[in-house]
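K.L.:
Here is how the chains run, residue by residue.
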Amino acid sequence: MKARHCKDAGARLAAGVLATAVATAAAAAGSVEWPYFGGSKHFDRYSPLSQIDSGNVNHLQTVWTRPGIDPSLTQAFPDLSPSPYLRGTPIMIDGVLYAPDAVGLVEAFDAASGKTLWVQKPFEATLKEAAGVSSRGVGYWNKGGDKRLVSMRGEFLYQLDAKTGAVRPAFGDNGRVSLNRHTPDQAPFFGFNGPMIVGDVIIVGGNGGGKAGGGYGDGGPEKESTPEDIRGYDIDTGRQLWQFHLIPPAGEPGRESWGDGSADVVGNMAAWAPLSADEKLGYVYVPLTAPTNSYYGGHRPGNNLYADSLVALNARTGKLVWYYQMVHHDLWDYDNASPPALGDITVAGKKIKAVMQPNKTGFLFVLDRTNGKPVWPIVERPVPQGILPGEHTSPTQPFPTQPPAFDRQGITVDELIDFTPELHAAAVKFLEGYVTGPLFTPPSLNEGEGGKKGTLAMPGAWGSGNWNTGAFDPERGVYYAVSMSLPGVYPMVKATEPGATIGYEFPEGRDQHREVPPPYGPGPNGLPLLKPPYGRITALDLNKGEKLWTVANGDGPRNHPLLKDLNLPPLGTIGRPVPLLTKSLLFVGESSDALFGNAGIAGSAKFTAYDKVTGAVVWQTTLPAGTTGGPVTYEVGGKQFIVVPVGGKDYGSGWVALGLKE
Amino acid sequence: MGPALIASAMAVASAQAATPVQESSQGTLGPQAVLGKGLYATRCASCHGPNLDGGRLAPALSGPAFQANWDGKPARALYSRIISTMPLSDPGSLPPAEVLDIALYVFAVNGVSLGTQPIPDAATLNNIKVDMGHKGS
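Protein chains in written order, with this note's numbering: chain C, 6 to 667; chain D, 2 to 138.
Only pairs whose alpha carbons sit at most 35 angstroms apart, straight line, appear in this in silico DSBU-like list of lysine-lysine: (1) C:Lys126 with D:Lys74; (2) C:Lys458 with D:Lys38; (3) C:Lys356 with C:Lys552.
In case anyone wonders, no lab produced these hints; they're calculated from the structure.
Just so we're clear, the structure is a prediction, and the values are computed from it rather than from any experiment.
Pulled out of the complex, with its shape left as it was, chain C reads as follows:
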């Protein structure tokens, strides 16, 4: 009898323990996080959440909004008048959203209600410390309940206590570390990303190699600049642990790719786009950009490593594991301006841990992320030579054979707008004023009256691919490239002003996308020069290396007075919308006048859900303003939310949270 009693008691105890475990698991199951601003550190912008699907997405409604800057800051500093370009893409950890706000201070808000939990205080109570520019996201680190956030803001790397938002005094100088580099002209550091944290190391890219060209060196009159080296910092102390040199030091391989002593002179090449990381391998993937001054290279003969390369670094030591250069001796500013997405694919029966790097050219470079080897052959093809005096164009450039390019490359009359014969004729006449040709046609002189006005290239220097490009579906091996088709003019002039040290520069005050009146860049009657689509989504099957489909994203100019009677389908809108990929849907906005208002380019405030398999539009809504950062999704309390950063000249900025009607 006693034995049976004990056995029953034991069974009840076991059942109780099991019930508690199930209850705990159920509570955790009602919560699915968005742990990095790129979805995960793979930067695939993907969530497996499926509560919102094509059957109910039309029941999404706005559940809350919050302004891009907490009222406590504008009350304390009435002059704070931030730009509406709210890049801040939140992370969601344990029921809390963390995002950089419109001035780059971190705000924590409740993921279900949007209510403020805390707002990072300016380092000192001054307008100077309150002022700032929005960044794309924050890094999060947690060891045994010690939870910290790391953000880049202005020249500083900050570390905050995630529970309170207070700076952690032990980090750097009372909570922050200066990221300023030593440059010839004391240029301040700046960077728009969130830091990448791997293990106990914070890895930072960013710009600030010199003041020329607005801090980017692009098109400026000086060849002197500082390489924007990658740096690793200690999570506890903020001490710099390592520095990866973007120009190989003397004696190291790759140094010979810089002729005429240019390795000691030039710089830039920053990681401007977000980084990604494979924590199992311990590697961080760093997308690099063009060397000084992006448009002329007579002073820097050679391929110029590691400009326009993807480098894989050991996150702990900063040592190079492998590199791949996408553009040799860049003359177009054809940066790797997109995050390198990581994902696993199966090609011809072989499982490959891949990295997918878009470039401004419209190529997607797919490499084995363990060793940098191309998954499909990438061939060196001859490209146009010439043209500016003293230039040393690369005889060839790398052309991936698969997958196909995700946007237009090069311009001939066959690519020109042809909705009507008159528009086509006007475009042909417009083109005659420029040097044009296939991809990699070099920049040329703006000859002035009676001559050519420079090179008209496709893509232009803002690319087809940019920081918004890319989401990857780990289930189906499909990469979604969001891109725009915007040609650019390269009207080079001899640099003759006092202090100029470079041969040729971009004319001061000129903008290559405003050669004719806005809103669509160079083209007749304010219309685009090219055939549509002007903004698109391309689905690439990376198990096969093939294109699945292309769809236009947005109406584009279909209602322009000259076109509206033609009843055209959506033509695609020029912009930089960031995609969000879920179990069945792909969400994409059109970006707003906050991004390209200077060039007269403004997307609408539409936000569209596409069927991720077919590309069909499933649902569309209109947000209070166009998108300015990445939409994110997460689940709390068993309910899925989508939060979208938006902003525009007339609206200001803020986050909009969408959820299903109860």
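Using the hints provided, position chain D relative to the given structure of chain C.
P.N.:
Just chain D now, with coordinates in the frame of chain C:
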């Protein structure tokens, strides 16, 4: 610019005899706007263009699009935007007195008169409404 306005500007100029008044293509610049012009050249022109037409990364600070943005707003709003967001690489770093002069220069280039009195501080801009002459656009 009408003769009355020029007369007022001259009156201001003679009251502050040490500071020059310059003729420019935009009409007469008051003394603060003259200071602002010099500051603009060193602080702003490299991105916004020597003639305020904008550049590769920066919008025009003159012309119809700019004027449409600011017409009807308190003059303080332009000062606030500049002092809290510029330069892009180091926002908040410009001294308030410099931002005031730069704002007055930008207003002058766009044909906006802010009255005949000197403007000693940003607060004075709070109650002045920008009139770019774009009614109902």
